[in-house]
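Here is what each chain is made of, one letter per residue.
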Amino acid sequence: MNYVKNLRFFFSACLFTMAILFSGVAQAHEEEKKPYVPRKVDIYEGFPDWYKSVFADNVGLKEGSGLFKDHYKPLFMNMYMYPGRHYEPPTRMDHSLFIEKERRDLCIRCHEEINTGAIEDWKTSAHYNPRKTPIIARKTKIIEDSIGKEISVVDCFDCHVDTEKKQIRLPTAGDCSECHARQVTEFASEKNHGRPNHIQTLESNVLVPWYQESYRRGLLAGNAGCDMCHGATDKCDPCHTRHSFSAAEARRPQACMSCHMGPDHPDAESYGESKHGIIYELEEEHYNFDKPLAHVMVGEEYRTPTCQFCHMYQGGGTFTHNFVSKGIWRMGTVPPSNIEYESSLKDYPYGIKIIPPKIDIYSDENLDKRDKWIEMCSNCHSPRFAAGWLTQMDDYMFQANKLTDQAQKVIDDLIADDMLYPSPADRDIYPGGDWLADILPAELLGEGVWNAFKTTGGKIPVIGPILGVYAMFYQGDGNPTHIETSYAKMWFWYKLQGYKGYAHVQQDVMWWWGQSPMLQELGNVQSEARSMRRAAAIEKALAESGNPVSFPAGKGKASAKELDYGAGR
Amino acid sequence: MNYVKNLRFFFSACLFTMAILFSGVAQAHEEEKKPYVPRKVDIYEGFPDWYKSVFADNVGLKEGSGLFKDHYKPLFMNMYMYPGRHYEPPTRMDHSLFIEKERRDLCIRCHEEINTGAIEDWKTSAHYNPRKTPIIARKTKIIEDSIGKEISVVDCFDCHVDTEKKQIRLPTAGDCSECHARQVTEFASEKNHGRPNHIQTLESNVLVPWYQESYRRGLLAGNAGCDMCHGATDKCDPCHTRHSFSAAEARRPQACMSCHMGPDHPDAESYGESKHGIIYELEEEHYNFDKPLAHVMVGEEYRTPTCQFCHMYQGGGTFTHNFVSKGIWRMGTVPPSNIEYESSLKDYPYGIKIIPPKIDIYSDENLDKRDKWIEMCSNCHSPRFAAGWLTQMDDYMFQANKLTDQAQKVIDDLIADDMLYPSPADRDIYPGGDWLADILPAELLGEGVWNAFKTTGGKIPVIGPILGVYAMFYQGDGNPTHIETSYAKMWFWYKLQGYKGYAHVQQDVMWWWGQSPMLQELGNVQSEARSMRRAAAIEKALAESGNPVSFPAGKGKASAKELDYGAGR
Amino acid sequence: MNYVKNLRFFFSACLFTMAILFSGVAQAHEEEKKPYVPRKVDIYEGFPDWYKSVFADNVGLKEGSGLFKDHYKPLFMNMYMYPGRHYEPPTRMDHSLFIEKERRDLCIRCHEEINTGAIEDWKTSAHYNPRKTPIIARKTKIIEDSIGKEISVVDCFDCHVDTEKKQIRLPTAGDCSECHARQVTEFASEKNHGRPNHIQTLESNVLVPWYQESYRRGLLAGNAGCDMCHGATDKCDPCHTRHSFSAAEARRPQACMSCHMGPDHPDAESYGESKHGIIYELEEEHYNFDKPLAHVMVGEEYRTPTCQFCHMYQGGGTFTHNFVSKGIWRMGTVPPSNIEYESSLKDYPYGIKIIPPKIDIYSDENLDKRDKWIEMCSNCHSPRFAAGWLTQMDDYMFQANKLTDQAQKVIDDLIADDMLYPSPADRDIYPGGDWLADILPAELLGEGVWNAFKTTGGKIPVIGPILGVYAMFYQGDGNPTHIETSYAKMWFWYKLQGYKGYAHVQQDVMWWWGQSPMLQELGNVQSEARSMRRAAAIEKALAESGNPVSFPAGKGKASAKELDYGAGR
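Protein chains in written order, with the numbering used here: chain W, 1 to 569; chain X, 570 to 1138; chain F, 1139 to 1707.
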């Protein structure tokens, strides 16, 4: 019997060895067919030159980013947040000798003393131990094949040294792509789907004139709150935090959270407090984050979906490192073309070409995206359930847009009747209003809007989506007034809270931070408008009785009607 | 010696076998004595017929629920939220053949492909493996005895097929009761303790006319935020989430959270941030959620109490599936009878019979409940400590009600002096005000209120608890104004925040989301009232001087005094 | 070979024994040199006698705490929150016989039945098992050496009995210090660093006259939210929760949370949602909380810092039980001396000696503290990064103070022009305004402020930091008005949110709960001021036309200018 057993073992061993050999051959063949050429991915590839020159060229802290770069100087910390453009190598300590001699050992020797935490963290990483687990070893093998050399360790030198300039660098996504080309290429592909996307998020930061206005008014330090998310897109460590750079960590919902939370995109709150999120919280330790998303067994390894699982899904069972390809309503800030408006929203975007046009929720492209969502949700729910929910979310958004349309009409009418108080002529300009039209030509701003800026020096009333959001970011003397702020909160906070509440199926966010405060703000807009009209009627009665109200000197009250807003408004 | 040992073993074995035999006999006897008859529990048992006909009869999506059912059509998703009334079987795919042939195998064969997550989740459940753990096996045995058949698996067919109608169904609590009769019976017993309770929570959703008003104004999609909690009471899966339906999961505080959070009942927030909740968070993995509550060793297996442990406690060491039997202040929305009021709260509930009368906090029934609370808290604290805290919470609530009384008086006086601006006559009606009195007779609404609705078509000013809450849910033209919204927030948000802060012993919620913003809103109510009086005095002076203020056409200003509000206000 | 092995073992054993002996000798020597005398630490040591008499002398519930103690009676629960001053032994049950006979066994025998949870929790503690782990055994040894007796158990009797008075007591920090002298001494040392500190936090509770005003107005129960943190400083169990009193628990960030959260110090929120906090949440189970902070391996045992790790750090690698020694901006409530002001902030603190003077952020002492912060951050980050962030945080705070200065100027001007509506003369007094100057002499209040209180009986307008915060805590008739509340929120909520957002590097808190709502409140202050000016101008026009506006009787409108505010304003 022993003989038979041994014989069986012998055959098994042979088969196993042969299997390995053949698989090796197969792999070699595949490699010959599709040689994987390592390259440094340019995440801005495809953008015009001027774009790269104002967003991606390194200028240290000497000037800003974007088209309005000359109107502000970046905060010191921006060198760390957006290193591609703003990093300056350390000056207190000259590292050039170590760099020239390639003294990799010295990095650790010093920094282990000074920055123990960073070094210790790196020691837990796949960079320190590229064969830490079978999955990681496999990934390392793929990278080795693609870059054509063996990797025993990825150390400080590999990432933090610009070997050309012989300088310390802070790595950008492009630097990471030298090994992680596929991930960075997929990430960069987000830009092909239009904004918002991670690649272009810096635009929302510095292509809004209130950013520069903050600088002019000495308030830029507060804007670091914006920079930390919006200026951190050319790096991988917002999600794969340094210095462990773990893929497993980045697969967890919390990885998205410190940016994706708050008034305008309460993703963390709405997901976290939904049944999906609560079950994740309860069963977190049973979720398998070591596995690539495509290998996850739904219902077993993930009882509920994560941010990554839904948003990186590309349809047909595939996942890539692109989060935006299924976005229909986007951030929810752009009005849909599918409903009628009563207010000046009718004319949105007022001829302005730098803001997005109304979204057609039912375009072919968007219907395709919807199919992918239904496919995703059908992992657990019936397609009827999934489609029903999506349709209801559309309805919510249409309704929310109608509510803001109502509020906008109230303010439109105030302006038309010259009763917005104080009148635009009596208050500070729109942020950057005195220079905006010098930088953005009439072709981009639209003739009417461009003329209005030029004629009034920026003293124009602005409400509505995108441009009217300034009320959340700027306070000049009398601009915005409280009624405009109330409108902006309705548009930018509560509509978006309700949206994300719906998208992530969290009832409290849907109603109590969504529709309810929208209604309340609408009520406030109505109440304030009535008070303004009441005071104006009183002033009119006084004027007619020969006792006009006289205002303090220097607070002359020019009529809004005297201003030429142009066709854009 | 071996002989003795063996002998000992022999006797032990005999005794053991006999014990089993006798216990078997004993059990059989008990069964004979108390035959457990399985039955489908009607959670609406005891309600009058009209109640069942408007809340529980299945109508699909053809009409609404409740007395006002003809004034709206339900949202599509309500078929899933409140299936007992609104579910419609799938039409895209005819399942009848499978149902007739009882092809249980086919359910899984198809849905494993389409809805993998749901099937995989079910595979982790006690339904898939009814002898998964000793505790579950014991429960299964009890069920088997009660239904008189053996259970090897509970599959899709068992829950999702209406064998009478030969249709796919979405199971309701009644369906679950076929096996889980005790739990559903206890759950249904909540209705014996008055509202609020889980059984009748749909009433708060659809018996408030702002729900139907939302429908009329095309804003119903936002109300799904209400439906998700208020319309999900005839199902078990809000807590025992599908398809694992775990009792252990439902024993965890997070199970309550997606409903029990937010402005009006910040249970999750106040518990979660209290020391009880924080210690639970820190030591979660040491809490034993597999055990039934009555078996939990306090201090050892639960270091601090959970939602379930306190609220399912019935006194005397017993726990049942009833959460409301110890409620004294209820949701905190109804004013107590134990204090004096200055405002129209004196007359609450204004003769209206469909809203609850003032609560006597010190009724015999409520004093009994208090004793049970003290008994519960004394698991860890001294009875003096527990009683002291409860008394202080009462004091807080009395004070909070006095503060809102102050605010209500300010607005009462404005109305009495015809200075609320805009006047009720000049604005949109109270939600549903034009049809309310057609449905609710004078006997229910009270003569005065009924007349007021009839006479004015709903153009009546309404502030105060319950009915005045409309200001959080509706915004017509000029109704409510900001001062009324401010009052409603004081009543419905901040008073209730402070209440739950106190109840769950969380200081930040008590003060900063409770008493502090109440004071701030009171200040706002005062400020706005003064502004209205100031403007009215100015208008009066102008009128007296022969220069009356003229308002835009169509905005005629009828006097509130001209309206007959009836005795109710 | 066996011989050699044995020999080797023999030598090893000898060396080991000798090492133990010598270490024993060394220890004995050290003990002889520095005998550790156990003592009861007086946390108020160093304070003047009057301070102790009004804060620390036990008065039960008969009177209040602090200088204004005669103006209120404490809430019942304060006996548990601040037992040193307010505890009263139980009266329902006479424990004196058990105490006299030292029947330690009886405590447990009864309370195990009544308060099972507390006893079971204690059984998990080091008090029950003083040699539970090697680390705990070592600590016990140190304590035994210091108090000169062996400890087998620390039971109810040891902590809860006042052996002198033969009464049940609730232990204070001083009682804990009988064994834990080092920790309590370090804790008490916080007071050497100025306020805020844990020792003196009761002052912020009862030395603010709105506390007593709440009592006078029958609203004290709400203030329990204040007491729970501010009145819980002479106890150790807010962090080391009873009855396990675990050091490991107190080392976890959540231990600080139930107090350190909310509008004015969103520490929990800002840390919790920062990358530091998120990584802690994700990797919590890998943090080693059993180790004393000084032994923690950064990057390995703590991947990110905790509250305790940063705030207990004293520089030079040492940690003590003192959280405040590195505080520069403190709670962020006191304006810095490093910027220019336009408003009455110029004169802050208006001669008042009981409120802190402006802070010089760049004093030598504060520069030293900064160095320690940089040292701490450099555990992981570069010193340039750390210093850069701290500088930017200073800039944010300077800017935030400038923004509030702008708002204060708007209200200052209203007051100066007698246009704040209602005028201070027409409304309720400043909280406690009628008795404040009787208790606080002119030397403390400053001549001008003292005179203003005396002359007007407290009818003075107060805005600005510290004193103006009353608007968050009190609402009299017309005092504060909404514009003042808006200012106070700007100062006390949003500035501080932004501050903690910056300090803990959380972008959402920085912007959306910090600078953005500050700007919005500033806009509201401007809008309301303009409305007040508009109405005043209308009234002036009417008066000039011979048709003065007449107000309801009893609402006489005295001019703010007629009041003598004194130099302080």
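One or more of the hints may lead you astray.
To be verified - Using 30 Å as the maximum straight-line C-alpha spacing, the simulated DSSO-like pairs for lysine-lysine come out as follows:
#1 F:K1429 - W:K132
#2 F:K1429 - X:K844
#3 W:K40 - F:K1211
#4 X:K1109 - F:K1678
#5 F:K1678 - X:K971
#6 F:K1413 - W:K123
#7 F:K1211 - X:K844
#8 W:K123 - F:K1510
#9 F:K1270 - X:K844
#10 F:K1678 - W:K291
Claimed, not checked - Every beta carbon over 12 Å from chain W, so not counted as near; a handful from chain X, in silico:
#11 G615
#12 K708
#13 N792
What the hints assert, rightly or not - Derived Cβ-Cβ restraints for the label pairs, each shown as a range:
#14 X:G885 - F:K1287: 51 to 57 Å
#15 F:G1332 - X:A863: 51 to 57 Å
#16 X:T702 - W:P292: 30 to 36 Å
#17 W:Y362 - X:A863: 53 to 59 Å
#18 W:D57 - F:K1429: 43 to 49 Å
#19 F:Y1500 - X:E911: 52 to 58 Å
#20 F:I1273 - W:D290: 31 to 37 Å
#21 W:D70 - F:G1332: 44 to 50 Å
#22 F:Q1452 - X:A706: 38 to 44 Å
#23 F:Y1500 - X:E853: 53 to 59 Å
#24 W:P90 - F:K1178: 49 to 55 Å
#25 W:P292 - X:K710: 56 to 62 Å
#26 X:K642 - W:G316: 35 to 41 Å
In case anyone wonders, no lab produced these hints; they're calculated from the structure. All residues carry an ideal CB built from backbone N, CA and C; glycine is no exception.
For each hint, the structure was consulted:
no.	hint	verdict
1	F:K1429 - W:K132	holds (27 Å)
2	F:K1429 - X:K844	holds (23 Å)
3	W:K40 - F:K1211	violated (73 Å)
4	X:K1109 - F:K1678	holds (15 Å)
5	F:K1678 - X:K971	violated (38 Å)
6	F:K1413 - W:K123	holds (19 Å)
7	F:K1211 - X:K844	holds (26 Å)
8	W:K123 - F:K1510	holds (26 Å)
9	F:K1270 - X:K844	holds (25 Å)
10	F:K1678 - W:K291	violated (76 Å)
11	G615	holds (29 Å)
12	K708	holds (21 Å)
13	N792	violated (7 Å)
14	X:G885 - F:K1287: 51 to 57 Å	violated (44 Å)
15	F:G1332 - X:A863: 51 to 57 Å	holds (53 Å)
16	X:T702 - W:P292: 30 to 36 Å	holds (33 Å)
17	W:Y362 - X:A863: 53 to 59 Å	holds (55 Å)
18	W:D57 - F:K1429: 43 to 49 Å	holds (48 Å)
19	F:Y1500 - X:E911: 52 to 58 Å	holds (55 Å)
20	F:I1273 - W:D290: 31 to 37 Å	holds (32 Å)
21	W:D70 - F:G1332: 44 to 50 Å	holds (45 Å)
22	F:Q1452 - X:A706: 38 to 44 Å	violated (58 Å)
23	F:Y1500 - X:E853: 53 to 59 Å	violated (45 Å)
24	W:P90 - F:K1178: 49 to 55 Å	holds (52 Å)
25	W:P292 - X:K710: 56 to 62 Å	violated (43 Å)
26	X:K642 - W:G316: 35 to 41 Å	holds (37 Å)
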